[in-house]
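Undergrad: The listed protein sequences correspond, in order, to chains A and B.
Start counting the first sequence at 1; every next residue gets the next number (the numbering used here).
Start counting the second sequence at 1; every next residue gets the next number (the numbering used here).
Read the hints as simulated data drawn from the structure, not as lab findings.
You may find that some hints are simply not true.
In the BS3-like style, the derived pairs of lysine-lysine whose C-alpha atoms are separated by at most 30 Å in a straight line are [what the hints assert, rightly or not]:
#, chain 1, residue 1, chain 2, residue 2
1, B, Lys-55, A, Lys-908
2, B, Lys-94, A, Lys-913
3, A, Lys-618, A, Lys-598
4, A, Lys-749, B, Lys-197
5, A, Lys-598, A, Lys-613
6, A, Lys-16, A, Lys-618
7, B, Lys-111, A, Lys-880
8, B, Lys-111, B, Lys-94
9, B, Lys-202, A, Lys-908
10, A, Lys-76, B, Lys-111
11, B, Lys-94, A, Lys-82
12, A, Lys-76, B, Lys-94
13, A, Lys-618, A, Lys-749
14, A, Lys-908, A, Lys-528
15, B, Lys-117, A, Lys-749
16, A, Lys-598, A, Lys-862
17, A, Lys-913, A, Lys-873
18, B, Lys-55, A, Lys-76
19, A, Lys-82, B, Lys-117
20, A, Lys-880, B, Lys-117
21, B, Lys-94, B, Lys-117
22, A, Lys-862, A, Lys-873
23, A, Lys-783, A, Lys-908
24, A, Lys-76, B, Lys-197
25, A, Lys-913, B, Lys-111
26, A, Lys-82, B, Lys-96
27, A, Lys-204, A, Lys-436
28, A, Lys-969, A, Lys-908
29, B, Lys-197, A, Lys-908
A partial selection of chain A residues facing chain B, derived with a Cβ cut-off under 8 Å [as the list claims (entries may be wrong)]:
#, residue
30, Leu-80
31, Val-88
32, His-89
33, Ala-835
34, Val-887
35, Lys-913
Restraint ranges, calculated between C-beta atoms of paired labels, are given here [to be verified]:
#, chain 1, residue 1, chain 2, residue 2, range
36, B, Glu-84, A, Gln-484, 18 to 24 Å
37, A, Ala-431, B, Glu-84, 53 to 59 Å
38, B, Lys-99, A, Asp-746, 56 to 62 Å
39, A, Gln-152, B, Lys-99, 42 to 48 Å
40, B, Arg-182, A, Ser-161, 57 to 63 Å
Note that CB positions come from ideal geometry on N, CA and C, so glycine has one too.
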Amino acid sequence: MNELIQLNLSSLTGRKYWRSLNQLADTPEFRQWVEREFPEGASELLDSGSRRTLLKLMAAGFGLAGLTACRRPVEKILPLSKGVEGYVHGRPLHYATAVETCGVATGLIVECNDGRPTKVEGNPRHPFSLGATNAFQQAMILDLYDPDRARQVQKQGVKSSWAAFEAWWLEQSAKLGDGAGLRILSPRSTSPTLESLKAEIAKKYPQSAWIEYEPVNFDRVLEGARLAFGQPLQPHYRFDKADVILALDCDFLGLDTLSAQPVRQFASRRRPEDGQELNRLYAVESNFTITGAMADHRLRARASDVAAFALALARQLNVTGAELNVVNQPADRERKFLAAVAKDLLAHRGRSLVVAGPRQPAEVHALVALINQALGNAGQTVSYTRPPYQPSDSLAAVQKLAEDLAAGRVSTLFVLGGNPVFNLPANADWAALFRKTTVVALAADENETWKAATWQLPEAHPFESWGDVRALDGTASIRQPQIQPLFGGRSALEIAALIAGRAERRGHDLVRSFWASQWGAEAEAKWKKALYDGVIEGTAFPPVDVKADAPRVFAAVQVALKPAPAGVEAVFYPSWHTFDGRFANNAWLHETPDPMTKLVWDNAALLSPATAKRLGVKDGDVLEISSGGRTARCPALVLPGHADDSVSLQLGFGRAACGRVGRGVGHRVESLRAASNFWFGPAEIRKTGATCRLVTTQEHHTLIEPITGLKRHNIVEEFTLGEYRERAGHGKHESHPPTDLFPEFDYSKGYQWGMAIDLSACIGCNACMVACTAENNIPVVGKDQVARGREMHWIRLDRYFSGEEDDPQAVMQPMACVQCEKAPCESVCPVAATAHSPEGINEMAYNRCVGTRYCLNNCPYKVRRFNFLNWNKDIPEIRKMVFNPDVTVRMRGVMEKCNYCVQRIEEKRSQAKAEGRRPIRDGEILTACQQACPADAIVFGNINDPESRVSKLKRQARDYSVLEELNTKPRTSYLARVRNPNPELV
Amino acid sequence: MSAFFSKQFDTKLRLAAAAVVVVLGTGGAIAAYLLHPRQLDTGYTPVQPVPYSHKLHAGNLGMDCLYCHTTVAQSNYAAVPMTEICMNCHVRVKEKSPKLQAVRDSYATGKPIPWVKVHRLPDYVYFNHQAHVTAGVSCVSCHGRVDQMTEVRQVQPLSMAWCLDCHRNPAPHVRPPELVTRLDWQPEGDPAVLGAKLIREKGIHPPDNCSACHR
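Could you put the whole structure together from the sequences, leaning on the hints where they help?
TA: In structure tokens form, the structure reads like this:
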């Protein structure tokens, strides 16, 4: 057929979208993904599997099949001996808690089934969660049940006990005197209780030092505020109040904020029907981040050129003192962008916002503070409070620690969590330095630091221990445990109490007594309320009214900002898979593709197409990147839209000492990262000649774009604001499908479930994917199986590029089963394993499925997933504790797919019936993806109720169905992406 | 050359084929009959770790089902009672009985009593006690006259066809919800008439789509 119909693709009208450079070039490899039902080899049994192996297995299977049916399996019922208050077998309990990553805290609610935590949700009461989570918080639950966690107190690898460790410390602490030899190294903590313990330790050991270090930190943001205002302050942005936003190397929708709040605020201004003016986002960045993908205009610039841009912008905005000429002049293409941005910002004084990313030097943050002040944004879209932790220059502090260790001035070093040996700056050989002294390492897993330590202590998971945190604005939360420590771990708080010599050692007592001292008389009631709400009222810091000191800022800029050297530079980013290495053993995150590159189970050196061409590099070529005598090897991956002469490297891979999941996955780039190029710096790139197989899912499940006449019907629809207004004037576009061959079913009664996904709001952050994995017991298949197209995610995020390969635009589209009313999959199932419910859900009865895969073959949306192997066969017992008891764990040979979280629908239905058979309220049922979504882009509900949120969205002019031409009548429809371009830059 | 196949060969072949069909068909039918849950599962009466008699407690003493199976109206599970509930009475009643040793041990040590499950559904079936009991389906409909059983046995096949029979025609099995634990209760007149009335009044629609039970 393909030979017969040769369309001249260049004559087609409509915008061309592409998912990979292969698709743009229409290579044979790409065509295979589109045209074949499965890629070659996808349905082969095993790697080296032969027909003979298959026959052997079948023979054994038949032989054993007879035996299994002989006896009825005996099952035991084990009721509790004594009751637990509030516990009803079969009913989940929800507890509020909070976690922090790199000093950024978020409130959560954890669902516990029969005493085991199974699912993480956001806490709607918490100002930085607002009910949503990110992908990392969703995946934390898997780390709790990681069989490779540290389990046993050890002394230099020999089994020991907490009692032995405490006895040793009693002896050791007596020798410490004023603590001159005592150092404590910990991750960034916002815990008020820990802060009080730190003060006690400092009092007891005045010569000791407590060093906080995070490989991904926000020190430069606070230092920038210190330059501008004379004191380190935490900026707070109101993205919902800003009409024009400029992000300078700031992935504020992605990995640079770590909480849902900015995303929710930003997305609230991307819906044209809300009556509010659509905001406009400009991004200047080197890597192509998801913030860049949401931007209306994006300027590719090396990270070191951003400072020049910020200074030029300050000049353009007539900020007094900005006439300095210390950094490179912007190039021509930047000038036009700069002029347009400056004009737009000036036109929106007090309603605009400039933000800079944590990689940028303090001087850029100070400049941004000045610019925001000059634009009248201070107090409007940006405010400042004291930071939630004691700010410190952690790079200088660890440098001092290295010197002290080398000089033998340290007798005892406590490492309270984190993995410093892996991720401290590569200026020193930390493993060797650690061996020079007695190191007490509290570690979550047997990581590099654990291996280098004298005393090896297992750390309790945040869901196992008491604690407290402060959100960025100061709002405090109590972290309450969901389960007893599975492996007898203790928290950093408890070790700190031991160091401080406190009588009370249990986390609960420490936290409770700290807050009791704060609250006084009403402590009991307030404690209960704090646990119930997940936030402590009235703990947010008041905004500080400050004025930026322009001469001081420009004096600092003059000194610090040197012209950026030409040539290639290497930039370090946290990774979507492991963050900074802390999630290296988390299979859910490894298998969730990076939002932009769609890479799984790996990291890569990202290059622009032009730079790759200049260097003669292809995807998978291993590069040697060197800087200042340090080197790292990493395979290359070409990312359209990446800045030229820049290479983006993701931290947290190539862990040598790690659990079974993460060991040897990816390449370690921390060896290149020193204090001088902590975030970015000049580098040299050399091809090694070696190659590494990188697996991306960008071409998997590519939908075939229908072409009628000479018009493309796009899978993703986009409008500019102008086009949208014109379209909205005409009302919703109604399609007239061809005559229907199938009889109509009456969907006018009862609940009819439907979904609307807003492409204007969706940022592509993966939270929905991981939430779905957790909720629906979705198995992990591994890199090799993903390469064969066997990944199991029920919801995927398709990333489409459009435009030039050097500087494309990107759109994200979450795609799960769209629940067709005329489902092509149902009519081909020979055993009626997939059938329609009267409420419009296309259901899968796993126990009926015989695995013909006809349904998958007939699904135009490519959303069905087949269990080629028994993915759950060899998983350890403890890992099974994470399974959702409301969802069947599927076997080999069974088809599966999204079912709108039917278990949640049924739960709410039975709850509504029990409460006097009332109707289910709109918004009562949240699907897992919807609940996790920080952008509120997914709305689920009853489309038979004209007042439901989903019905209202489906009436919008920009509502459309994917592959409408096929007349499948999907229940999930999409709201087209609306861009708000600046007319001057079009 | 003599014929390789005799003249009767076709007939014999057909007869042989028919015989195979008959033998396999009969065998299959017998196997299907014998392996049906009605034969295989009904009457299952495992030995329990404690010789607990429902006949004594629920029948003779007249204790309500809900005294022990406390969560039947709140959860998917009716809940096998905690040892604590046994001990509510047995701290004073028969407190020395050797038959209750396992109960006293469990109460003292906190270890559960390993009761053997009688009414077992496959893992992919999500049965909800709450939904049935609050709709007015009595315990007796699925579990039989437990108040007359010394040892609990399975009396219904609990097969999918059996479930669907009732879901498609619920009227004979629906009664006022407050009477669900009265195992001996019979309405005056035809149960189906009262059931139909209750179903109409309360708007009960038993689902018969897959995901009602399979998720």
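Undergrad: So, for every hint listed, does it hold in this structure?
TA: Each hint tested on the structure:
{"no.": "1", "hint": "B/Lys-55 / A/Lys-908", "verdict": "violated (37 Å)"}
{"no.": "2", "hint": "B/Lys-94 / A/Lys-913", "verdict": "violated (42 Å)"}
{"no.": "3", "hint": "A/Lys-618 / A/Lys-598", "verdict": "holds (17 Å)"}
{"no.": "4", "hint": "A/Lys-749 / B/Lys-197", "verdict": "holds (22 Å)"}
{"no.": "5", "hint": "A/Lys-598 / A/Lys-613", "verdict": "holds (21 Å)"}
{"no.": "6", "hint": "A/Lys-16 / A/Lys-618", "verdict": "holds (24 Å)"}
{"no.": "7", "hint": "B/Lys-111 / A/Lys-880", "verdict": "holds (22 Å)"}
{"no.": "8", "hint": "B/Lys-111 / B/Lys-94", "verdict": "holds (21 Å)"}
{"no.": "9", "hint": "B/Lys-202 / A/Lys-908", "verdict": "holds (18 Å)"}
{"no.": "10", "hint": "A/Lys-76 / B/Lys-111", "verdict": "holds (13 Å)"}
{"no.": "11", "hint": "B/Lys-94 / A/Lys-82", "verdict": "holds (20 Å)"}
{"no.": "12", "hint": "A/Lys-76 / B/Lys-94", "verdict": "holds (26 Å)"}
{"no.": "13", "hint": "A/Lys-618 / A/Lys-749", "verdict": "violated (57 Å)"}
{"no.": "14", "hint": "A/Lys-908 / A/Lys-528", "verdict": "holds (27 Å)"}
{"no.": "15", "hint": "B/Lys-117 / A/Lys-749", "verdict": "violated (40 Å)"}
{"no.": "16", "hint": "A/Lys-598 / A/Lys-862", "verdict": "holds (17 Å)"}
{"no.": "17", "hint": "A/Lys-913 / A/Lys-873", "verdict": "violated (38 Å)"}
{"no.": "18", "hint": "B/Lys-55 / A/Lys-76", "verdict": "holds (22 Å)"}
{"no.": "19", "hint": "A/Lys-82 / B/Lys-117", "verdict": "holds (20 Å)"}
{"no.": "20", "hint": "A/Lys-880 / B/Lys-117", "verdict": "holds (22 Å)"}
{"no.": "21", "hint": "B/Lys-94 / B/Lys-117", "verdict": "holds (26 Å)"}
{"no.": "22", "hint": "A/Lys-862 / A/Lys-873", "verdict": "holds (26 Å)"}
{"no.": "23", "hint": "A/Lys-783 / A/Lys-908", "verdict": "violated (37 Å)"}
{"no.": "24", "hint": "A/Lys-76 / B/Lys-197", "verdict": "violated (40 Å)"}
{"no.": "25", "hint": "A/Lys-913 / B/Lys-111", "verdict": "violated (36 Å)"}
{"no.": "26", "hint": "A/Lys-82 / B/Lys-96", "verdict": "holds (20 Å)"}
{"no.": "27", "hint": "A/Lys-204 / A/Lys-436", "verdict": "holds (25 Å)"}
{"no.": "28", "hint": "A/Lys-969 / A/Lys-908", "verdict": "holds (26 Å)"}
{"no.": "29", "hint": "B/Lys-197 / A/Lys-908", "verdict": "holds (26 Å)"}
{"no.": "30", "hint": "Leu-80", "verdict": "holds (5 Å)"}
{"no.": "31", "hint": "Val-88", "verdict": "holds (5 Å)"}
{"no.": "32", "hint": "His-89", "verdict": "holds (5 Å)"}
{"no.": "33", "hint": "Ala-835", "verdict": "holds (6 Å)"}
{"no.": "34", "hint": "Val-887", "verdict": "holds (6 Å)"}
{"no.": "35", "hint": "Lys-913", "verdict": "holds (6 Å)"}
{"no.": "36", "hint": "B/Glu-84 / A/Gln-484: 18 to 24 Å", "verdict": "holds (21 Å)"}
{"no.": "37", "hint": "A/Ala-431 / B/Glu-84: 53 to 59 Å", "verdict": "holds (54 Å)"}
{"no.": "38", "hint": "B/Lys-99 / A/Asp-746: 56 to 62 Å", "verdict": "holds (59 Å)"}
{"no.": "39", "hint": "A/Gln-152 / B/Lys-99: 42 to 48 Å", "verdict": "holds (43 Å)"}
{"no.": "40", "hint": "B/Arg-182 / A/Ser-161: 57 to 63 Å", "verdict": "holds (58 Å)"}
Taken one by one, the earlier hints fail for this structure at numbers 1, 2, 13, 15, 17, 23, 24 and 25, listed in ascending order.
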